[in-house]
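J.: Sequence:
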Amino acid sequence: MKNTNTDLLHKLLDLGFYLEKFYEHFLENQNFALKNTAAILVSEERKHIEVYSNLIRDEEAKEEYPIGDELMGYVNYLLINMKQALNNYGIVTPGQLIAKAIDNENKQIFLLSQIIEMSSASSIPPYFHEILTFLLKEENRQLANLRPFNKLV
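Throughout the sequence shown, residue numbering follows the working numbering, covering 28 to 180 in sequence.
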């Protein structure tokens, strides 16, 4: 079975759920500041999850088209690397959690940039390229929102 545009979006949505669970772990922490920081990050991930879910719903209503095995294989490789790098060891302050969130955003930006670059060479319709560009802008916006907090803590 060939991979499709919605399969690609589902993989990106799965990463959002994974990040949400990562940040939720810190909601149980006794450190009030760390717990509040985690709550904000969970809320932001839920917004991303909602965006991805809406895009998937819209895409499923349209005709699906195949995504090349090379692109999907590379996406899978990058997602596995991101998930393996997610651990909460040594994160005991809000600043450390924000630094990890910034790292996660940078990795998501890299992932989306790579998808856009690889999809430009394939036969992906322009409107789907616009969706990917929109998602990249969302991740950049999230990163811009996090950076000032990294300087405060």
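Everything labelled a hint here was simulated from the structure, so no lab data went into it.
Where hints are given, some of them may not hold.
Below are the EDC-like pairs computed for lysine to aspartate or glutamate, each with C-alpha atoms no more than 20 Å apart in a straight line [stated by the list, open to error]: (1) Lys38 x Glu91; (2) Lys29 x Glu90; (3) Lys164 x Asp130; (4) Lys29 x Glu71; (5) Lys164 x Glu71; (6) Lys74 x Asp96; (7) Lys127 x Glu165; (8) Lys127 x Glu166.
J.: Hint by hint, note whether the structure agrees.
T.: Against the structure, the hints come out as follows:
no. : hint            : result
1   : Lys38 x Glu91   : holds, 15 Å
2   : Lys29 x Glu90   : holds, 14 Å
3   : Lys164 x Asp130 : holds, 16 Å
4   : Lys29 x Glu71   : violated, 32 Å
5   : Lys164 x Glu71  : holds, 15 Å
6   : Lys74 x Asp96   : violated, 29 Å
7   : Lys127 x Glu165 : holds, 18 Å
8   : Lys127 x Glu166 : holds, 15 Å
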